[in-house]
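From first to last, the protein sequence lines are chains A and B.
Heads up: the first sequence at position 244 corresponds to 244 in our numbering, and the numbers run straight through without jumps.
Counting the second sequence from 1 gives a position; our numbering is that position plus 1000.
These are calculated hints, taken from the structure and not from any lab test.
Please read all numbers here as calculations on a predicted model, not as lab measurements.
Do not rely on the hints blindly, as some may be mistaken.
[As the list claims (entries may be wrong)] Part of the chain B face toward chain A, derived, beta carbon under 7 Å: (1) Asn-1138; (2) Gln-1139; (3) Asp-1141; (4) His-1143; (5) Leu-1144; (6) Glu-1146; (7) Ala-1147; (8) Thr-1150; (9) Leu-1151; (10) Asn-1152; (11) Ala-1153; (12) Pro-1165; (13) Arg-1241.
[What the hints assert, rightly or not] Calculated cross-link-like contacts (lysine-lysine; reagent style BS3-like; alpha-carbon spacing at most 27 Å): (14) Lys-103(A) with Lys-1240(B); (15) Lys-61(A) with Lys-1168(B); (16) Lys-1240(B) with Lys-14(A); (17) Lys-1073(B) with Lys-14(A); (18) Lys-103(A) with Lys-1168(B); (19) Lys-14(A) with Lys-1077(B); (20) Lys-109(A) with Lys-1240(B); (21) Lys-3(A) with Lys-121(A).
[What the hints assert, rightly or not] Beta-carbon label-pair distances, calculated as ranges: (22) Ile-213(A) with Asn-1078(B): 32 to 40 Å; (23) Lys-61(A) with Lys-1075(B): 53 to 61 Å; (24) Gly-1076(B) with Tyr-321(A): 34 to 42 Å; (25) Ile-105(A) with Leu-1064(B): 22 to 30 Å; (26) Arg-1241(B) with Ile-330(A): 57 to 65 Å.
For glycine and all other residues, C-beta sits at the position ideal for the given N, C-alpha and C.
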Amino acid sequence: MKKAEVKFENITKKFNETVAVDNVSCIFEAGTLTTLLGPSGCGKTTSLRIIAGLERATSGKILVDNEDVTILPATDRDVSMVFQSYALFPHMSVIENVSYGLKMINVNKEEYIEKALETLKLVNLDGYENRMPSELSGGQQQRVAVARAIVLEPKVLLFDEPLSNLDAKLRRQVREDIREIQQKLGVTTIYVTHDQEEALAISDKVIVMNKAIIAQEGSPKDLYNFPKNKFVANFIGDANDVTAEIIQKQSNTYSLKLAEMNIKIESNRDLNDKVSLALRPEKIIIERTDNSNCILAKIKSASFVGSSYQYILNSKIGELYVVSGDTNDIFKVGEEVFLSINEKDIKILND
Amino acid sequence: MFGGFVEMWGVDHSFTLKHYIEAFSIDWVKERGLLWTGTAWNSFNTTFAIAIISALPTAAIGILTAYLLTRHKFKGKNAFEFGTMLSFAIPGSVIGVSYVFAFNVPPLEITGTGIILVIAFVFRNMPVGVRAGMAAMNQLDPHLDEASSTLNASSSQTFRNIILPLLKPAITASLVFSFVRAMTAISAVIFLVSANYDLAVSYILGRLENNDFGLAIVYSSALIVVMLFTILLMQLIIGKRKLGRRDQSAGILQGNLG
């Protein structure tokens, strides 16, 4: 299958006065799976539709395989899309749906039937070719939609929240299937979702969008471990945003005071008196004894969610959300405890 | 129906077929072949032909307009939509008179011809085609068009392969409606008919004025039967959309259950 790089150069899209995408530049590398992640209304789906040719960018350029396709309509682009609603043609059978794209470019009948059957096999739907879409389950319809998109061997494959209509159990299975097919074909894939777990699980690279701009881009691990700002820290996994006071500065090592805890942290940035930090709820350790350098806190609420306990605690630096994997030794509401956290797990945020 | 089989309704209730014979008799004369000797045949054939001829452009223009209005954005869309409704708001007799005057002078001198009847019916009934088309189109997921266009189909291919087949119910509805309306319309056409192009309703009206109730009833009964069969035939020709063995709501339910 063809591999192509997709490049956004200063893309802006306005709907009347509303800016949906604001001067975004980024690269979707050839043969990789990149996820556009963000809350609803952040511009991710609009970006995807611009790549598909279903929306025209107000300004800026879009390159596919170094070729400027900014003004090409969807019909003339070598790009296929899997829609959130699947958009299967309800009056056509599975095989007619899958072979539709080939028929439109005048491939002869024998060839397109053979190719469609081959693709159906790839998505594990052989034997279903004569069913109507309404006779398939949600998961099967989704696979037909994928087959219909990949049968054309497009340069770029687009997914618009493909799992949002599936139940939670099926979601994990289908996202693995999508990843497997993408790896097998090696096609450049751009995937839109608002589910951070889904994004982290399948992507080579994640682009987090917020309010029409890119908040941060990077590998799933980088985004989780080194969020640049509050938005990314909160959107990817959970985080407690806290503010620490800077006590002392020695070259690029800062001494901070976070409630009762003293911490040393390194940063190349020039910081004055206060700094925003992100604390992951699963990295905070709750103890009954004071092992020095701890934050004093009181349990406000505790809830059991099966694999873990979720606590909300009151402390000097505000409410903290902590997840504990220990479901045997439980802290009671009102109990006074001591919190500690490894200095390596404290992240400095830009804002 | 009963009134068609008696001598004179309300006066003499003895059974007779004479009204039917007067209206729809057919004779076989050796030298001249089949002769449509019934007095109703002339207006009946004209009405039927004009109703069929006008039903086709009514549905076609209606559906195309609906497609434009629901799927494309352009300036003055709302005004255009309002405009398509206007011909429905004007009383039929006003339309009839204005058509007579508008097309009585060159370049379009068509008063008294069949064409003016067809045009009047098309524009008078089009709003229903537009509305039926828009209602059906709004039910279609716009992603279907988009999916088709990302799969290499041009917009005309999309319209032919995706939209038209899914609009079959709307097409049948507007065909049937405009056909029935054209068969039975009275207000607009009363001014537009001529000796050559007389229509069923104005003929029936004429019979009534002459106290010829039996014939009028016979003619009306015949119209009802003919319209019924034509509607059934239309549904047969256009066909139903095929969406699978289960009905669609059951399909959606199944989809949600996974």
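Comparing the hints with the structure gives:
1. Asn-1138: violated (15 Å)
2. Gln-1139: violated (11 Å)
3. Asp-1141: holds (6 Å)
4. His-1143: This hint holds: His-1143(B) lies near chain A, its Cβ roughly 4 Å from the closest one there, short of 7 Å.
5. Leu-1144: Nearest chain A Cβ about 5 Å off; hint holds.
6. Glu-1146: holds (5 Å)
7. Ala-1147: This hint holds: Ala-1147(B) lies near chain A, its Cβ roughly 4 Å from the closest one there, short of 7 Å.
8. Thr-1150: holds (5 Å)
9. Leu-1151: holds (4 Å)
10. Asn-1152: At 4 Å from the nearest chain A Cβ, Asn-1152(B) passes the 7 Å test, so the hint holds.
11. Ala-1153: Constraint on Ala-1153(B) satisfied, holds at 5 Å.
12. Pro-1165: holds (5 Å)
13. Arg-1241: holds (5 Å)
14. Lys-103(A) with Lys-1240(B): At roughly 24 Å apart (the allowed maximum being 27 Å), Lys-1240(B) and Lys-103(A) satisfy the hint.
15. Lys-61(A) with Lys-1168(B): Violated: Lys-61(A) and Lys-1168(B) sit about 41 Å apart, past 27 Å.
16. Lys-1240(B) with Lys-14(A): violated (41 Å)
17. Lys-1073(B) with Lys-14(A): holds (16 Å)
18. Lys-103(A) with Lys-1168(B): holds (22 Å)
19. Lys-14(A) with Lys-1077(B): holds (21 Å)
20. Lys-109(A) with Lys-1240(B): With Cα atoms ~26 Å apart, Lys-109(A) and Lys-1240(B) stay inside 27 Å; holds.
21. Lys-3(A) with Lys-121(A): holds (22 Å)
22. Ile-213(A) with Asn-1078(B): 32 to 40 Å: Holds, since Ile-213(A) and Asn-1078(B) (Cβ atoms, about 34 Å apart) stay within the stated range.
23. Lys-61(A) with Lys-1075(B): 53 to 61 Å: violated (28 Å)
24. Gly-1076(B) with Tyr-321(A): 34 to 42 Å: Hint violated: Cβ distance 55 Å, outside 34 to 42 Å.
25. Ile-105(A) with Leu-1064(B): 22 to 30 Å: holds (26 Å)
26. Arg-1241(B) with Ile-330(A): 57 to 65 Å: Holds, at about 59 Å.
Going through the hint list in order, the structure does not satisfy hints 1, 2, 15, 16, 23, 24.
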